[in-house]
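What follows is the residue order along each chain.
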Amino acid sequence: MSRYKVIHCNINGKDVERSVDVRASLTDMLRNEYHLTSVKKGCEVGECGACNVLIDGEAFNSCIYLAVWAEGKHILTLEGLAGPNGELSDIQQAFIDETAIQCGFCTPGFIMTAEEILQANTLYTDDELRKLLSGHLCRCTGYENIFRAVKKTMYRRLGKEIDF
Amino acid sequence: MYDIKALYEAQSVDHAVALRLEHPEAQIIAGGSDVLVQIREGRRAGKELISIYMLDELRGVTIDEDKNIRIGSLTSFSHITRDPIIQKHINVLGEAVDQVGSPQIRNIGTIGGNTCNGVTSADSASTLHAWEAVVELTGRNGVRRIPIKDFYIKAGVVDIRADEGEIQTAILIPESSYTNTYGHYIKYGMRNAMEIASLGCSVNVRLSDDKKTIDRCRIAYGVAGPVPMRAPSAEAVANGSAVSPALLDEFSPAVLNDINPRNSWRASRDFRMHIAVEMAKRCLCESIKKAGGVIE
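Protein sequence lines correspond, in order, to chains A and B. Using the working numbering, you'd call the opening residue of the first sequence number 11 and step up by one each time. Using the working numbering, you'd call the opening residue of the second sequence number -4 and step up by one each time.
Incorrect hints may have been included.
[Stated by the list, open to error] Coverage of chain A stretches by chain B, computed from C-beta distances (three or more under 8 angstroms per stretch; other residues unrestricted): (1) 23 to 33; (2) 46 to 52; (3) 56 to 67.
Keep in mind the hints are simulated off the structure, nothing from the lab. C-beta atoms are modelled at their ideal positions from N, C-alpha and C, and glycine is treated no differently.
Produce the entire structure from the sequences given, and follow the hints as far as they go.
What follows is the structure, given as structure tokens:
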């Protein structure tokens, strides 16, 4: 059988196609074929969330997702959040404002899960929010600031006053 | 790059069956959150894979013509939790699979994969046993349906016949199983996320019309033995009994007649026996409350 297959998908709003090794993970494809290096290689077994991207609006660890499964899918990586001139999105800016970044390795994954949470247009409780963010490891252990950045943006997008 | 010898992508259920007959040594991959990790670990490295992940016909929850709840085998945990049919008729299943791994794992992990692995700790397994789910397998001779307790043969081994080209296509919950039935699941783990159960307990009850008597009680455990199991001694205590605090105290220790947990690095046998009793009690208590019963 052929080791390569042409995969058509939409990445960050653009229809693309590329011949991909069928043994590749989606992380491999996004990094090596499309140079989307926000997609980090962390644990590579679906535990740390550093490689997280949105596929058709849902968060997936791209390290345990075969590249061939991307056929026909809409994929959003951190690179797709910024505006045309590199303007930061609200959630990216919130991470800066709350100093929710230390080494930065977990940040793209966290922000993509945050984006999935925010797209639900739901006001989650603190406990719900913590559970929704639980698929990510931050080895600098800066979880409180990350939590605050997501919570503030959730309130802002829903036009509500925040109560800390 | 994964160490995969060959990848065959199924285009339909029939195609998956044909691929399975053609490549009897190949491993089926659904969401891959176990299989791909095992390839990475080396345990399944260098194998042929048959991917069924793209078969959207195996996704979704419906009520079929016989009023069974039909859960397509590739339905992800997060879709099960959010599904209105599940929420209405068997909410405990949605709550149980909402405790698997992490949000991302619940988006990729499938109920078919969770059961076909044959592991006793699967968060769906105790609830599916307690609700007497039926497993649907499709092979070259058509569809075969078996009770979930017969599907699990031993640790890591389930009744899927590769020589018949079988794949699991659905999990069914019969109408008689879910009507007027309410349940509760407790997972005991060291942490909440990214954790495998030290013990899982799922109980459900159907009460009499006046809510004072237990018509039917079913209880099942994960990690209380090599495969998920019911606790018939405890069920016998509860069936036909009046709802009362005394019943809770009589019911819960009876599980010790049925379960047989092991010592492992995650927890000792003694500890599992100890928490099994308390989990049974709390699950029964919660199930009775959900069914509208009052324990006084």
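Structure-based check of all given hints:
no., hint, verdict
1, 23 to 33, "holds (count 3)"
2, 46 to 52, "violated (count 0)"
3, 56 to 67, "holds (count 4)"
Of the numbered hints stated above, the single one contradicted by the structure is hint 2.
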